[in-house]
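Residue numbers (my numbering), protein chains in the order written: chain A, 8 to 339; chain B, 8 to 339.
Hints are computed from structural coordinates only; laboratory data are not their basis.
Since we're looking at a predicted model, the values are computed, not measured.
Warning: the hint list may mix true and false statements.
Think about it this way: if two alpha-carbon atoms lie no more than 20 Å apart in a straight line, the pair counts; the simulated SDA-like pairs of lysine to any residue are [as the list claims (entries may be wrong)]: (1) A/Lys-21 <-> A/Thr-328; (2) B/Lys-21 <-> B/Lys-236; (3) B/Lys-274 <-> A/Ser-63; (4) B/Lys-21 <-> A/Asn-267; (5) B/Lys-274 <-> A/Tyr-11; (6) B/Lys-236 <-> A/Val-130; (7) A/Lys-338 <-> A/Tyr-11.
One side of the interface only, derived from the structure: several residues of chain A facing chain B at Cβ under 7 Å [said to hold, decoys possible]: (8) Pro-20; (9) Pro-64; (10) Ser-68; (11) Glu-261; (12) Pro-264; (13) Gly-265; (14) Pro-266; (15) Asn-267; (16) Ile-269; (17) Lys-273; (18) Arg-275; (19) Ile-276; (20) Thr-277; (21) Ala-282; (22) Met-283; (23) Tyr-287.
Ideal Cβ placement from N, Cα and C applies to all residues, glycine included.
Each chain, letter by letter, is given below.
Number of protein chains: 2
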Amino acid sequence: MSTYTSINLIARPKPGPITSELFEVVEKEIPTAGPGQILVKQTHMSLDPAMIGWMSPDPESYIPPVALGEVMRASGLGTVVESNHPDFAVGDMVRGMTGMTEYILTDGQGLNTVPAGLDAETVLAVFALPGLTATQGLYGFGDPKAGETLVVSGAAGSVGSIVGQLAKADGLNVIGVAGDDEKCNWIVDTLGFDGAINYKTDDIPAKLDELAPKGVDVYFENTGGPIQKHVFDRMNAHGRIVVCGMIADYTSAEPSPGPNWIPLIKKRITVRGFAMPDHYGDIPALLEKLTPYVMGGKIKFRTHVLEGLESAIDGLNLFFTGGNRGKLIVKL
Amino acid sequence: MSTYTSINLIARPKPGPITSELFEVVEKEIPTAGPGQILVKQTHMSLDPAMIGWMSPDPESYIPPVALGEVMRASGLGTVVESNHPDFAVGDMVRGMTGMTEYILTDGQGLNTVPAGLDAETVLAVFALPGLTATQGLYGFGDPKAGETLVVSGAAGSVGSIVGQLAKADGLNVIGVAGDDEKCNWIVDTLGFDGAINYKTDDIPAKLDELAPKGVDVYFENTGGPIQKHVFDRMNAHGRIVVCGMIADYTSAEPSPGPNWIPLIKKRITVRGFAMPDHYGDIPALLEKLTPYVMGGKIKFRTHVLEGLESAIDGLNLFFTGGNRGKLIVKL
Numbered sequence: 008m009s010t011y012t013s014i015n016l017i018a019r020p021k022p023g024p025i026t027s028e029l030f031e032v033v034e035k036e037i038p039t040a041g042p043g044q045i046l047v048k049q050t051h052m053s054l055d056p057a058m059i060g061w062m063s064p065d066p067e068s069y070i071p072p073v074a075l076g077e078v079m080r081a082s083g084l085g086t087v088v089e090s091n092h093p094d095f096a097v098g099d100m101v102r103g104m105t106g107m108t109e110y111i112l113t114d115g116q117g118l119n120t121v122p123a124g125l126d127a128e129t130v131l132a133v134f135a136l137p138g139l140t141a142t143q144g145l146y147g148f149g150d151p152k153a154g155e156t157l158v159v160s161g162a163a164g165s166v167g168s169i170v171g172q173l174a175k176a177d178g179l180n181v182i183g184v185a186g187d188d189e190k191c192n193w194i195v196d197t198l199g200f201d202g203a204i205n206y207k208t209d210d211i212p213a214k215l216d217e218l219a220p221k222g223v224d225v226y227f228e229n230t231g232g233p234i235q236k237h238v239f240d241r242m243n244a245h246g247r248i249v250v251c252g253m254i255a256d257y258t259s260a261e262p263s264p265g266p267n268w269i270p271l272i273k274k275r276i277t278v279r280g281f282a283m284p285d286h287y288g289d290i291p292a293l294l295e296k297l298t299p300y301v302m303g304g305k306i307k308f309r310t311h312v313l314e315g316l317e318s319a320i321d322g323l324n325l326f327f328t329g330g331n332r333g334k335l336i337v338k339l
Numbered sequence: 008m009s010t011y012t013s014i015n016l017i018a019r020p021k022p023g024p025i026t027s028e029l030f031e032v033v034e035k036e037i038p039t040a041g042p043g044q045i046l047v048k049q050t051h052m053s054l055d056p057a058m059i060g061w062m063s064p065d066p067e068s069y070i071p072p073v074a075l076g077e078v079m080r081a082s083g084l085g086t087v088v089e090s091n092h093p094d095f096a097v098g099d100m101v102r103g104m105t106g107m108t109e110y111i112l113t114d115g116q117g118l119n120t121v122p123a124g125l126d127a128e129t130v131l132a133v134f135a136l137p138g139l140t141a142t143q144g145l146y147g148f149g150d151p152k153a154g155e156t157l158v159v160s161g162a163a164g165s166v167g168s169i170v171g172q173l174a175k176a177d178g179l180n181v182i183g184v185a186g187d188d189e190k191c192n193w194i195v196d197t198l199g200f201d202g203a204i205n206y207k208t209d210d211i212p213a214k215l216d217e218l219a220p221k222g223v224d225v226y227f228e229n230t231g232g233p234i235q236k237h238v239f240d241r242m243n244a245h246g247r248i249v250v251c252g253m254i255a256d257y258t259s260a261e262p263s264p265g266p267n268w269i270p271l272i273k274k275r276i277t278v279r280g281f282a283m284p285d286h287y288g289d290i291p292a293l294l295e296k297l298t299p300y301v302m303g304g305k306i307k308f309r310t311h312v313l314e315g316l317e318s319a320i321d322g323l324n325l326f327f328t329g330g331n332r333g334k335l336i337v338k339l
């Protein structure tokens, strides 16, 4: 009898790092596909900052939290190893919300076959949540125009790096904010951003004045934290702020206050929060928008690969420490 | 030789009340209309919260501040007493940015003739900045839908009272926030709001829970202050916040912080600041939207009339104290 491993969420996170006490690692017997079912062996699992939110008990969130005792939610990619389903053949590469588990027995709902010619890392780093989120946020709400200035926080992250490259390809002045010099160098030297700010060591106001002398038109917010106020203070009239992530505040006991709203009136600014589940119906259109940039070589990425399912638990803490170098993927 | 009075702005406001030291009251000789000119005798001048902003030196505001030494900016209504202009006849009632002055010598640019049948108070209280602002903010950005809940602060004010009545006519559950019981009674008993909160004496969270049991879909913000956080905390998914005024913070030395942005993501909220000068081109469409509500008897108003030009100076402080009862108008 062969077994496989799954990870269940069994407690809610508290302020501070994610610990193994929140999870239960379970061994189960590998099942067999029944009528209409497929069995998928997950090969690559994505780690995303949104997962921190899914673990939290906030009933108002855009997606129900993971129930305690259930397999922790995650997106991933795997190979069909058994199929009694007409739409899937053994050997197909499929993607979807796989969860933190080595095997998935499913009727196939919510899983999509990956087109031939795409490797797993490109799928998870670009044509999945990161690229879709970047495309929806930037074009759905950011309204970028050539010649404008865009600031993106979490700029070396999976979403931020794509946002910046899309905007750069569109002719904007693009400034990225990241947490160490290696990331700052990467987004400028490799991704082609116009400038970078190390929010931990740079004089943020001085650096913003230097890199954004004409002010900021689009602020793509992935992190929260100390950068927010300084960018907010430099928004131009009719500026657009797209709020995609606030990782700096997700597990703090007392979230830091935001800016006073008077400048929203004086400068007629729009601040818009969004989350991808609202836009799943638009995925075909988003892919249509994104694909030419990728095919045109405008979107570079790098992956930070962890090995083995259980590495995912501590891996989530990399979103807090900023220790990852590229899209976080767990190889199974 | 006859003279008339004008009021020039000669200093910038500091935190605290508006004082007479900011202004210079000057006497001038009444001029005569030259070729192409008209002479207008102002009869009713409007006092609006926006004037506080126009006095401030913020170069980033949506409209240049009033230059020191110039007539203080104001909108108003008057009678043409001399005309050498084909579009204006003696006796016409005209409206526009008249300024704090008893007489205006002008080529007529920016002035519009008021249609017969409208009295001066209706023009200034409804078919001027208050009504246009309410209509633009509510329908341009608030996207109100029957059955939803709307909270409006400054609900007994010139803009807020119209916002609430429009929303009520559209079938929303309308809650107004005001600063004393008389205003709260007026918006419920006379204007037909579903509920009112006295932000100075009520237990705001308890009252909001009672009046908005299903949460808040549209928040029309006219004031800032302690109410903001509590309404923000109760916003529903896909809520819209329209930021029109922040009078509570306009002259404070240190504006109070706003809410953290995490809920903007979790609930996909849009916060939009606006100012009417961006929408002057839309005034015909706004009037077309607003007029049927007025003609249908859906929009009630009251005026708080001050007598004499110089009453305007201290009159501006009524926006801070909330001492006015209805649209502030200075009768000349």
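Going through the hints against the structure:
Taking the CA atoms of A/Lys-21 and A/Thr-328, the gap is near 16 Å; set against the 20 Å cutoff, the hint holds. At roughly 26 Å between alpha-carbon atoms, B/Lys-21 and B/Lys-236 are farther apart than 20 Å, so this suggested pair is violated. In summary, the hint linking B/Lys-274 to A/Ser-63 is supported, as the alpha carbons are separated by about 14 Å, within the 20 Å threshold. With a C-alpha separation of about 19 Å, the suggested pairing of B/Lys-21 with A/Asn-267 holds against the 20 Å cut-off.
Proximity of B/Lys-274 to A/Tyr-11 is assessed by CA-CA distance (about 37 Å); at most 20 Å being required, the pair is judged violated. About 41 Å separates the Cα atoms of B/Lys-236 and A/Val-130, which puts this hinted pair outside 20 Å; it is violated. Distance restraint check for A/Lys-338 and A/Tyr-11: the Cα-Cα separation of roughly 15 Å lies within the 20 Å cut-off, and the hinted pair is therefore satisfied. Interface restraint check for A/Pro-20: the shortest CB-CB distance to chain B comes to about 14 Å, outside 7 Å, so the restraint is violated.
Hint on A/Pro-64 is violated. Least Cβ distance to chain B is approximately 12 Å, over the 7 Å limit. The beta carbon of A/Ser-68 comes within 5 Å of a beta carbon in chain B, closer than 7 Å, and the hint placing it at the interface holds. A distance limit of 7 Å between C-beta atoms decides the matter here; for A/Glu-261 the minimum to chain B is near 9 Å, and the interface restraint is violated. Against a cut-off of 7 Å between C-beta atoms, the interface hint on A/Pro-264 holds, since the closest Cβ of chain B lies about 3 Å away.
Taking 7 Å as the C-beta cut-off, the interface hint given for A/Gly-265 holds, the closest approach to chain B being about 4 Å. Hint status for A/Pro-266 relative to chain B: holds, with the closest Cβ pair at about 5 Å, below 7 Å. Nearest Cβ of chain B to the Cβ of A/Asn-267: about 4 Å, under the 7 Å cut. The hint holds. For A/Ile-269, the shortest C-beta to C-beta distance to chain B is roughly 5 Å, which falls under 7 Å, so the interface hint holds.
Because the smallest distance between the Cβ of A/Lys-273 and any Cβ of chain B comes to about 5 Å, under 7 Å, the interface hint for this residue holds. At its closest, the beta carbon of A/Arg-275 sits 5 Å from a beta carbon of chain B; the interface hint therefore holds under the 7 Å criterion. At its closest, the beta carbon of A/Ile-276 sits 5 Å from a beta carbon of chain B; the interface hint therefore holds under the 7 Å criterion. Satisfaction of the interface hint for A/Thr-277 is found here, the shortest Cβ-Cβ separation to chain B being roughly 5 Å, below the 7 Å cut-off.
Satisfaction of the interface hint for A/Ala-282 is found here, the shortest Cβ-Cβ separation to chain B being roughly 6 Å, below the 7 Å cut-off. A distance limit of 7 Å between C-beta atoms decides the matter here; for A/Met-283 the minimum to chain B is near 10 Å, and the interface restraint is violated. Because the smallest distance between the Cβ of A/Tyr-287 and any Cβ of chain B comes to about 13 Å, over 7 Å, the interface hint for this residue is violated.
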